[in-house]
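Visitor: Which chain is which? The protein sequence lines are A and B, in order.
The opening residue of the first sequence carries number 1 in full-length UniProt numbering; numbering runs sequentially from there.
The opening residue of the second sequence carries number 1 in full-length UniProt numbering; numbering runs sequentially from there.
One thing to keep in mind: the hints can contain errors.
Identical chains share a label here; the pair holds if one copy fits it or two copies do between them.
As the list claims (entries may be wrong) - Simulated crosslink set (BS3-like; lysine-lysine; CA at most 30 Å straight-line):
(1) LYS64 / LYS51
(2) LYS121 / LYS51
(3) LYS64 / LYS121
Everything labelled a hint here was simulated from the structure, so no lab data went into it.
Every value quoted in this text rests on a predicted model; they were computed, and no experiment measured them.
Protein chains: 2
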Amino acid sequence: MGRWEPGARERLREAALELFTERGFEQTMVADIAQRAGVTARTFFRYFADKREVLFDGSADLAKQVQNVVETMPPTASALDVVAAVLDAVAQLAGDDRDRARARQAVITANTDLRERELIKQAALTAALTEVLRQRGIGNIEASLAAETGSAVFRVAFNQWGDATENRDLRDVIRETLTRLRILAAAE
Amino acid sequence: MGRWEPGARERLREAALELFTERGFEQTMVADIAQRAGVTARTFFRYFADKREVLFDGSADLAKQVQNVVETMPPTASALDVVAAVLDAVAQLAGDDRDRARARQAVITANTDLRERELIKQAALTAALTEVLRQRGIGNIEASLAAETGSAVFRVAFNQWGDATENRDLRDVIRETLTRLRILAAAE
């Protein structure tokens, strides 16, 4: 590892998103991103494996955060209570900057590879959540059902939050969506 | 288009799954599949764009089937009733041969590209279901929530069905999983 460059990771993320938006993902090279961020390509590769990964930075933090939240929940909490708490935490990480989230989503939607990568990351997070629920003694089926349902609620809420004209708190949109799910599931 | 070969599509599907299982997906060439099915490579490409597509044959039928089912539902049916009916129909198509379903799943799980392709196909089906629900006058959020929830139930039930020691009816497993979701969502 070379010397540490203060704020380089953050600058690289911003530069990448700007360039992907301006020129398109395919047309942007790692060298362009590094240049705009004011670092060398070598520094880029100190933080990210490739240009795709710049868009998915934070996935590891998210998985760690999920684990932390689940560990603080009382043993009596139901599977869906745990999932609701996880979604609150995810909202904090994913919902801090809507303009950025929208720009990122536009880049991903425009590229099949990136869409696939995103689906894989989501599936991995769902599997991780299933696993931590199981570690709490929740049965296999209930654990995966709760985790899959949580992911479904997140996706619906996240899209709604991104598409809305007013800029609402992502956490509130997620909570409302979870309530809607409860109503939907209760109706016979 | 050359002359029609009776049963060629079905033989190609079987030959591909056998070879993918025996040798692995990467190690199997289109020529091998065609040879085992007793047809030419040219015939292969009359039915499938590439060797990946052999595993996902039926996706178009599935989307059509979903549309048909939704159209026969009474206008008073709730979003989740419609989704339940769709899942019943999907169970008939996806659940007719468990050994084959398991073999196919093992091939997909072993290959990142195939996993990504499967996730993309699932996401496309969920989007199609959302769209037909919206055409019934169901609001945007409720439609996508019902469709995403249905997909979640299907994934959990399908894995459970595939992993179980006894060979149960996929439709029953899906119905039970949907009931579990209702219970999960009802608990406060």
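Visitor: At most 30 Å between CA atoms: does that hold for LYS64 and LYS51 within a copy, between copies, both, or neither?
Guide: So LYS64 and LYS51 pass the 30 Å test inside one copy only (23 Å; across, 38 Å).
Visitor: Pop the pair LYS121 and LYS51 into one bin, within, between, both or neither, using alpha-carbon distances up to 30 Å.
Guide: The answer is both: 16 Å in one copy and 25 Å across copies each meet 30 Å.
Visitor: Between LYS64 and LYS121, at a C-alpha cutoff of 30 Å, which is it: within one copy, between copies, both, or neither?
Guide: both (14 Å within a copy, 29 Å between copies)
Consistency note: the structure conflicts with none of the earlier hints.
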